[in-house]
Amino acid sequence: MKKFLSSVAMAVAVAACSPQSVTPESSTSSSDAAAPATAEIKSGVDYHSLSNPGEMKVTHLDLDLTADFDAKRLKGSVTLTFDKLAADASELVLDTRDLDIQSVSANGESLAFTLDEADPELGAALRIQVPDGINQVTVSYQTSPQASGVQWLTPAQTAGKQHPFLFTQAQAVHARSFIPLQDSPQVRVTYTAKIKTPEELLAVMSASNDPGTPRDGEYDFTMPQPIPSYLIALAIGDLQFKAMGERTGVYAEPALLDAAAEEFEDTESMLEVTEQTYGAYSWDRYDLLILPPSFPFGGMENPRLSFITPTVIAGDKSLVSLIAHELAHSWSGNTVTNATWRDLWLNEGFTTYLTYRIMEMVYGHDRYRKEAVLGYQDLTDDVAALPENDEILAIDLRGRNPDDVFSNIPYEKGALFLRELEQKVGRAEFDKFLVDYFQHFAFKSITTDEFVAYLDKTLLADHADKLDKARIQEWIFTPGIPAGAPVPTSDAFELIDQARSNFLAGEVPASSINTQSWTVHEWLYFLNNMPEALTDAQLAALDEAFNLTQSSNNEIAHSWLMIAVNNNYEPAYERLYSYLVSIGRNKLVKPLYQALSKTEEGKAFAKKAFEEAKPGYHPLTVKANEGFVE
Numbered sequence: 003m004k005k006f007l008s009s010v011a012m013a014v015a016v017a018a019c020s021p022q023s024v025t026p027e028s029s030t031s032s033s034d035a036a037a038p039a040t041a042e043i044k045s046g047v048d049y050h051s052l053s054n055p056g057e058m059k060v061t062h063l064d065l066d067l068t069a070d071f072d073a074k075r076l077k078g079s080v081t082l083t084f085d086k087l088a089a090d091a092s093e094l095v096l097d098t099r100d101l102d103i104q105s106v107s108a109n110g111e112s113l114a115f116t117l118d119e120a121d122p123e124l125g126a127a128l129r130i131q132v133p134d135g136i137n138q139v140t141v142s143y144q145t146s147p148q149a150s151g152v153q154w155l156t157p158a159q160t161a162g163k164q165h166p167f168l169f170t171q172a173q174a175v176h177a178r179s180f181i182p183l184q185d186s187p188q189v190r191v192t193y194t195a196k197i198k199t200p201e202e203l204l205a206v207m208s209a210s211n212d213p214g215t216p217r218d219g220e221y222d223f224t225m226p227q228p229i230p231s232y233l234i235a236l237a238i239g240d241l242q243f244k245a246m247g248e249r250t251g252v253y254a255e256p257a258l259l260d261a262a263a264e265e266f267e268d269t270e271s272m273l274e275v276t277e278q279t280y281g282a283y284s285w286d287r288y289d290l291l292i293l294p295p296s297f298p299f300g301g302m303e304n305p306r307l308s309f310i311t312p313t314v315i316a317g318d319k320s321l322v323s324l325i326a327h328e329l330a331h332s333w334s335g336n337t338v339t340n341a342t343w344r345d346l347w348l349n350e351g352f353t354t355y356l357t358y359r360i361m362e363m364v365y366g367h368d369r370y371r372k373e374a375v376l377g378y379q380d381l382t383d384d385v386a387a388l389p390e391n392d393e394i395l396a397i398d399l400r401g402r403n404p405d406d407v408f409s410n411i412p413y414e415k416g417a418l419f420l421r422e423l424e425q426k427v428g429r430a431e432f433d434k435f436l437v438d439y440f441q442h443f444a445f446k447s448i449t450t451d452e453f454v455a456y457l458d459k460t461l462l463a464d465h466a467d468k469l470d471k472a473r474i475q476e477w478i479f480t481p482g483i484p485a486g487a488p489v490p491t492s493d494a495f496e497l498i499d500q501a502r503s504n505f506l507a508g509e510v511p512a513s514s515i516n517t518q519s520w521t522v523h524e525w526l527y528f529l530n531n532m533p534e535a536l537t538d539a540q541l542a543a544l545d546e547a548f549n550l551t552q553s554s555n556n557e558i559a560h561s562w563l564m565i566a567v568n569n570n571y572e573p574a575y576e577r578l579y580s581y582l583v584s585i586g587r588n589k590l591v592k593p594l595y596q597a598l599s600k601t602e603e604g605k606a607f608a609k610k611a612f613e614e615a616k617p618g619y620h621p622l623t624v625k626a627n628e629g630f631v632e
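The working numbering applies: residue 3 is where the sequence shown begins, and numbers increase by one.
Each hint should be verified, as a subset may be incorrect.
Taking lysine-lysine and the DSSO-like style, the derived pairs with C-alpha atoms no more than 27 Å apart in a straight line are [what the hints assert, rightly or not]: (1) K44 / K86; (2) K468 / K426; (3) K74 / K196; (4) K163 / K434; (5) K471 / K459; (6) K471 / K163; (7) K600 / K610; (8) K77 / K616; (9) K196 / K244; (10) K605 / K616; (11) K625 / K592; (12) K196 / K77; (13) K434 / K446; (14) K609 / K319; (15) K609 / K44; (16) K163 / K77; (17) K459 / K44; (18) K434 / K471.
No lab work stands behind these hints: they were computed from the structure.
Using the sequences and the hints, build the whole thing.
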């Protein structure tokens, strides 16, 4: 997933840097999930699942669901096939959140079940008594209208304004809000699905989508590769398809289809160069789904069908690194997956590193260097803002919502760590290591400890004169950025620094700055490195010269609006209001709400915008921002 937010999460003490290893399939009990932060972290134990894959492990799902847009519920059943791993096991434990469990059966016979009292973060364990000889159960259920992983949009909240829309978002622990299952990244399943919808709508999933399927209100899907639960995804809407290459295409509402296909037409090229460098693509097709602007993330790497925010359709391909990122997840994250949310950096750090490499291969070294500088600045900003315990790659998330892990630490710090390894052993050797790594752990979920052990046996053994175990431990298990870490640079930005300095010193008016050749990267670097305080005259001069308040690029507009809020630049507030009520992507709106909340006048403004926007925001966006307007 492309970055959710850079939030300052509460500090929790980190235990030992070298925790005792256990197998990833270890049973996770309710007591494990509630383990005190003073106890040693058990590697491979998922503290955010109440299920018992160490005793009975689900391997396949058969979904049969109907989308009831009037009731805002998914209704139907799931049949779970499982392996009995413990000889004396008689209970299958599943994760649920706000599900109405109607019945459980096997071979047409009812089975006894209980639903535990709900935990506010983890949901409720569904306990099913399984007779001997049974390896498959069917759970009939329906979702809540307030399901944390499902958003129901009215026609007015879509681009076309004619039909409703539904999409799911399962990462990190929200699959349990629309399917009773073992909601842990260490449990990989194949699945089939039968989805019933109003006849005028099309359903798509993170599975085998046929671009030519007839629109008839009943759709069948198959996912033959085993995936973790957070990658199960469904969307339903007035969708059309347009091919971008032999294996790539885009689904979108008609009003967005052509613009999206043109913006992301290089996706096939990205796929080809990634295969050439890191090995064959394992997922058949790679398509994009453009969601309504309420989608809370930049993108979500659902296999075969990445979910993408429309906020990156800029008209000039300036924000397509997000597509490279979600594509890269096809290797790092989807094929090789973090076993627990503590290990998220194995997904996102590797993927961010691959993103930079893909962008360099497709768009050239200069663009790569500029994007790396901006990423490094994002990282240093988070290191300055976060408590030390949240600056660790292998973070302690016990007792916390796993959404707290989504900062620039697993993304940019993880990528910087890999960049250092690349620089020390050479790019060719490091690429060979990555190819072998992806093949060795293909379709497996691994822990940080397993990665370190693999690194010891491979790259460290081959390059003992260049790599150091203590340095690797420092990168993974200590806060901050290690001294001597690579610092990205870009010659292009030196000119931007000079232009900014000349303007601030009053030596050059804004209107005389030559911005004709600037890309979005120059603009972001120019704006993001402005001093916190600017005069009204400076703000007005910048706005008049470059029309920043009305910028159609959502990233540039965000940077400018942050400056406007921090300096109470009132001419931008009308645009600020419309920006907040029309976009649900947390990366863009949360910092604005946070900045507004620092003054009473700002908080009143934010509250008004939030109340208008709330019906169209995703539940995750509501949860992330409601504290700023209370």
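Results for each hint:
Note on K44 and K86: the hinted pairing holds, with a Cα-Cα distance of about 23 Å set against a maximum of 27 Å. For the suggested pair K468 and K426, the alpha carbons sit about 6 Å apart, so the restraint of at most 27 Å is met. Restraint check: the Cα-Cα separation between K74 and K196 comes to about 18 Å, which is no more than 27 Å; the hinted pair holds. Proximity of K163 to K434 is assessed by CA-CA distance (about 49 Å); at most 27 Å being required, the pair is judged violated.
Under the criterion of a C-alpha separation no larger than 27 Å, the hint pairing K471 with K459 is consistent with the structure, at around 12 Å. The hinted pair formed by K471 and K163 fails the criterion: a straight-line CA distance of about 57 Å is larger than 27 Å. About 15 Å separates the Cα atoms of K600 and K610, which keeps this hinted pair within 27 Å; it holds. With a C-alpha separation of about 25 Å, the suggested pair K77 and K616 falls inside the 27 Å cut-off, and the hint holds.
For the hint linking K196 to K244, the alpha-carbon distance of about 24 Å falls within 27 Å, and the restraint holds. Straight-line distance between C-alpha atoms of K605 and K616 comes to about 15 Å, which keeps the hinted pair within the 27 Å bound. Simply put, K625 and K592 have alpha-carbon atoms about 11 Å apart, close enough for the 27 Å limit, and the pair holds. Among the hinted pairs, K196 with K77 is consistent with the structure: their alpha-carbon atoms are about 12 Å apart, no more than 27 Å.
The suggested pairing of K434 with K446 holds, with an alpha-carbon distance near 19 Å, which does not exceed 27 Å. Pair hint K609 plus K319 does not hold up; C-alpha atoms about 34 Å apart against a cutoff of 27 Å. Taken as a hint, the K609 and K44 pair is broken in the structure, with Cα atoms around 42 Å apart against an allowance of 27 Å. For the hint pairing K163 with K77, the CA-to-CA distance comes to about 25 Å; that is within 27 Å, so the pair holds.
Among the hinted pairs, K459 with K44 is consistent with the structure: their alpha-carbon atoms are about 22 Å apart, no more than 27 Å. Distance restraint check for K434 and K471: the Cα-Cα separation of roughly 20 Å lies within the 27 Å cut-off, and the hinted pair is therefore satisfied.
This entry does not satisfy hints 4, 6, 14, 15, going by the numbered hints stated previously.
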